[in-house]
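Protein chains: 2
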Amino acid sequence: MDQLQIFSPATVANVSCGYDAMAFALESLGDEMTFRKNDLGKTRIVKIEGADLPFESNKNVAAAVAKRMLQDAGANFGVDIEIVKKYKPGSGLGSSAASGAGAAFAINQLLNNRYTKLEQLKYAMFGEEVACGSQIADNVAAALYGGFVLIRSYEPLDIVSIPTPSQLFVTVIHPQIEIKTEDARNILPKEIPMKTAISQWANVGGLIAGLHSSDYDLIGRSLTDHVVEPYRKKFIPHFDALKRAALDHGALGAGISGSGPSVFALVKGAEMAEKIAAAFNEVYKDSAIDYRIYTSGIAKTGITLSNE
Amino acid sequence: MDQLQIFSPATVANVSCGYDAMAFALESLGDEMTFRKNDLGKTRIVKIEGADLPFESNKNVAAAVAKRMLQDAGANFGVDIEIVKKYKPGSGLGSSAASGAGAAFAINQLLNNRYTKLEQLKYAMFGEEVACGSQIADNVAAALYGGFVLIRSYEPLDIVSIPTPSQLFVTVIHPQIEIKTEDARNILPKEIPMKTAISQWANVGGLIAGLHSSDYDLIGRSLTDHVVEPYRKKFIPHFDALKRAALDHGALGAGISGSGPSVFALVKGAEMAEKIAAAFNEVYKDSAIDYRIYTSGIAKTGITLSNE
Numbered sequence: 001m002d003q004l005q006i007f008s009p010a011t012v013a014n015v016s017c018g019y020d021a022m023a024f025a026l027e028s029l030g031d032e033m034t035f036r037k038n039d040l041g042k043t044r045i046v047k048i049e050g051a052d053l054p055f056e057s058n059k060n061v062a063a064a065v066a067k068r069m070l071q072d073a074g075a076n077f078g079v080d081i082e083i084v085k086k087y088k089p090g091s092g093l094g095s096s097a098a099s100g101a102g103a104a105f106a107i108n109q110l111l112n113n114r115y116t117k118l119e120q121l122k123y124a125m126f127g128e129e130v131a132c133g134s135q136i137a138d139n140v141a142a143a144l145y146g147g148f149v150l151i152r153s154y155e156p157l158d159i160v161s162i163p164t165p166s167q168l169f170v171t172v173i174h175p176q177i178e179i180k181t182e183d184a185r186n187i188l189p190k191e192i193p194m195k196t197a198i199s200q201w202a203n204v205g206g207l208i209a210g211l212h213s214s215d216y217d218l219i220g221r222s223l224t225d226h227v228v229e230p231y232r233k234k235f236i237p238h239f240d241a242l243k244r245a246a247l248d249h250g251a252l253g254a255g256i257s258g259s260g261p262s263v264f265a266l267v268k269g270a271e272m273a274e275k276i277a278a279a280f281n282e283v284y285k286d287s288a289i290d291y292r293i294y295t296s297g298i299a300k301t302g303i304t305l306s307n308e
Numbered sequence: 001m002d003q004l005q006i007f008s009p010a011t012v013a014n015v016s017c018g019y020d021a022m023a024f025a026l027e028s029l030g031d032e033m034t035f036r037k038n039d040l041g042k043t044r045i046v047k048i049e050g051a052d053l054p055f056e057s058n059k060n061v062a063a064a065v066a067k068r069m070l071q072d073a074g075a076n077f078g079v080d081i082e083i084v085k086k087y088k089p090g091s092g093l094g095s096s097a098a099s100g101a102g103a104a105f106a107i108n109q110l111l112n113n114r115y116t117k118l119e120q121l122k123y124a125m126f127g128e129e130v131a132c133g134s135q136i137a138d139n140v141a142a143a144l145y146g147g148f149v150l151i152r153s154y155e156p157l158d159i160v161s162i163p164t165p166s167q168l169f170v171t172v173i174h175p176q177i178e179i180k181t182e183d184a185r186n187i188l189p190k191e192i193p194m195k196t197a198i199s200q201w202a203n204v205g206g207l208i209a210g211l212h213s214s215d216y217d218l219i220g221r222s223l224t225d226h227v228v229e230p231y232r233k234k235f236i237p238h239f240d241a242l243k244r245a246a247l248d249h250g251a252l253g254a255g256i257s258g259s260g261p262s263v264f265a266l267v268k269g270a271e272m273a274e275k276i277a278a279a280f281n282e283v284y285k286d287s288a289i290d291y292r293i294y295t296s297g298i299a300k301t302g303i304t305l306s307n308e
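Chains as they are written, first to last, in this note's numbering: chain A, 1 to 308; chain V, 1 to 308.
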């Protein structure tokens with residue numbers, strides 16, 4: 001294989017109660033990436049569409065991941081990378097993760113499946129370090145593994161795939177404002193009350209049980225976050241109105257995607273996803289803030305090949 | 001129905017990572033209780049075997065629960081209760097819960113299924129208040145619902161039954177020392193580090209996923225407790241040695257049962273349960289402390305009728 005084109009999905013991390021431990025991948029939103037072997041032995045970004053991202057191979061996440069994987073493998077070829085971004089970086093939808101995980105997946109293919117999935121994940125996590133300074137696993141794991149993932153442990157790295165109920169859909173609104181990851185981190189307390197922690201892990205248990213048993217009501221009841229949302233929602237204009245609109249119109253639950261500013265709602269059925277999209281639109285339509293709204297199924301298989 | 005005899009199981013609460021949110025019921029260890037209608041309109045404890053428990057109907061947990069249920073129902077009969085305790089109170093194995101849940105289950109039968117399971121649970125929780133001053137749900141829910149339960153929420157009360165893998169067994173050692181519930185509560189911090197909380201809810205997620213998918217290794221990896229065990233283990237002589245012995249001999253995991261002093265190990269297979277029992281025995285056999293060791297399956301259905 002000398003060339004491949006892939007779809008690398010957008011991802012929602014945290015999923016309300018599962019702060020820093022859960023994420024899922026979107027089926028209809030993500031980046032298109034093309035990887036072509038070259039004889040120069042160099043990793044080059046040859047095209048970027050849809051976002052203002054660096055071309056330098058030590059700053060561009062996809063290039064940094066690709067370069068390191070090829071080096072570690074002692075590959076005798078380089079790679080030309082094209083990136084077509086379908087949603088904006090800084091959305092809280094795992095934009096850098098889509099690039100990093102996409103590169104890890106694609107380079108592994110060009111190297112004839114040299115790496116295990118867990119090894120690909122570690123390269124993708126290196127990409128997250130390039131993007132934001134730390135090796136976060138949630139978004140890249142969701143992109144690589146697909147569906148819902150649980151980061152059970154970092155040391156050792158232990159990723160658990162959680163089944164996705166067939167009628168689960170998601171609506172996302174991306175208000176196009178900037179939230180600095182640093183601010184989103186710094187606003188969180190270093191300690192939390194035991195009582196709050198207990199209710200959070202009870203909800204994580206409920207969410208995992210609901211996903212396993214396709215119990216949509218249980219999923220909805222468990223999508224509660226007393227730990228992070230009360231702090232971070234301040235960064236997101238109209239957050240309370242968005243959440244109320246989602247719940248009033250029949251969403252299972254709603255919360256902040258990653259560190260925001262995007263807000264997601266999980267729903268039962270594609271029709272409900274459209275209904276919530278309309279409800280989100282009502283909240284934002286008279287706002288001065290640009291926004292995009294997406295509806296999607298859950299990407300059960302994560303990154304997919306699209307070039308055949 | 002004028003009379004019934006039941007088996008009300010011992011229960012293990014917390015299950016390492018699931019502090020105040022999870023519990024399971026034992027198949028082979030529990031109390032035998034007999035309930036017989038009387039025409040006096042009074043609730044009486046007529047026999048207690050195996051433990052030194054109060055006979056007064058406002059102090060005895062079973063009697064207190066029975067009395068309140070009969071009163072609330074406006075029943076025209078009283079009940080005579082016999083309790084045969086097969087394990088000692090103060091073990092951390094839900095002794096009061098077995099009595100309270102047993103009474104709630106039995107009186108509901110004598111009242112021709114007047115109450116829902118959730119209502120029975122609330123009466124059993126009242127029994128916990130009589131026993132220890134607060135309406136804890138974990139042990140009573142495990143006894144009433146059977147198998148593994150998740151207390152997803154207290155307000156509103158939301159109990160989630162989690163499936164039990166068929167080869168899951170448990171070994172328990174009860175060192176017969178007294179730990180005051182108050183001490184066990186007071187030693188815990190009121191706040192915990194965010195990082196610790198995250199790893200705890202990741203493990204709860206892993207444990208629930210492991211139980212749902214019969215993934216014994218995942219269950220084992222998830223049986224980790226960074227929140228409570230480091231504090232409470234100080235109350236339990238040889239705790240570290242017991243835990244090491246369990247893990248060295250092939251247990252999936254081990255931890256403190258409830259607030260102790262009992263220590264449980266979850267294992268795959270009945271043979272392994274015996275092996276861990278022997279390993280526990282090795283640790284304690286030269287100790288000056290009296291102890292009992294039990295092996296058991298998981299009680300998939302909770303309290304059972306035994307009088308036919």
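It is worth saying that the hints were derived from the structure and are not from the lab. Hints are supplied without guarantee of correctness; some may be wrong.
Repeated chains share a single entry, so a pair holds when one copy, or any two copies, can fit it.
Claimed, not checked - When the alpha-carbon atoms are kept at most 27 Å apart in a straight line, the in silico DSSO-like pairs for lysine-lysine are as follows: (1) K195 <-> K42; (2) K117 <-> K195; (3) K195 <-> K122; (4) K233 <-> K42; (5) K195 <-> K180.
ask   = Using 27 Å as the alpha-carbon threshold, which applies to K117 and K195: within, between, both, or neither?
value = between (37 Å within a copy, 26 Å between copies)
task = First find the shortest C-alpha distance between K195 and K180 inside one copy, then the shortest across copies, and answer within, between, both or neither for a cut-off of 27 Å.
result = between (29 Å within a copy, 21 Å between copies)
query = Is it within a copy, between copies, both, or neither that the alpha carbon of K195 lies no farther than 27 Å from that of K42?
reply = neither (53 Å within a copy, 40 Å between copies)
ask   = How do K195 and K122 come out at 27 Å by Cα distance, when the copy is not named: within, between, both, or neither?
value = Intra 34 Å, inter 21 Å, cutoff 27 Å: inter-copy only.
ask   = Using 27 Å as the alpha-carbon threshold, which applies to K233 and K42: within, between, both, or neither?
value = neither (43 Å within a copy, 56 Å between copies)
Consistency with the previously given hints fails for numbers 1 and 4, ordered from lowest to highest.
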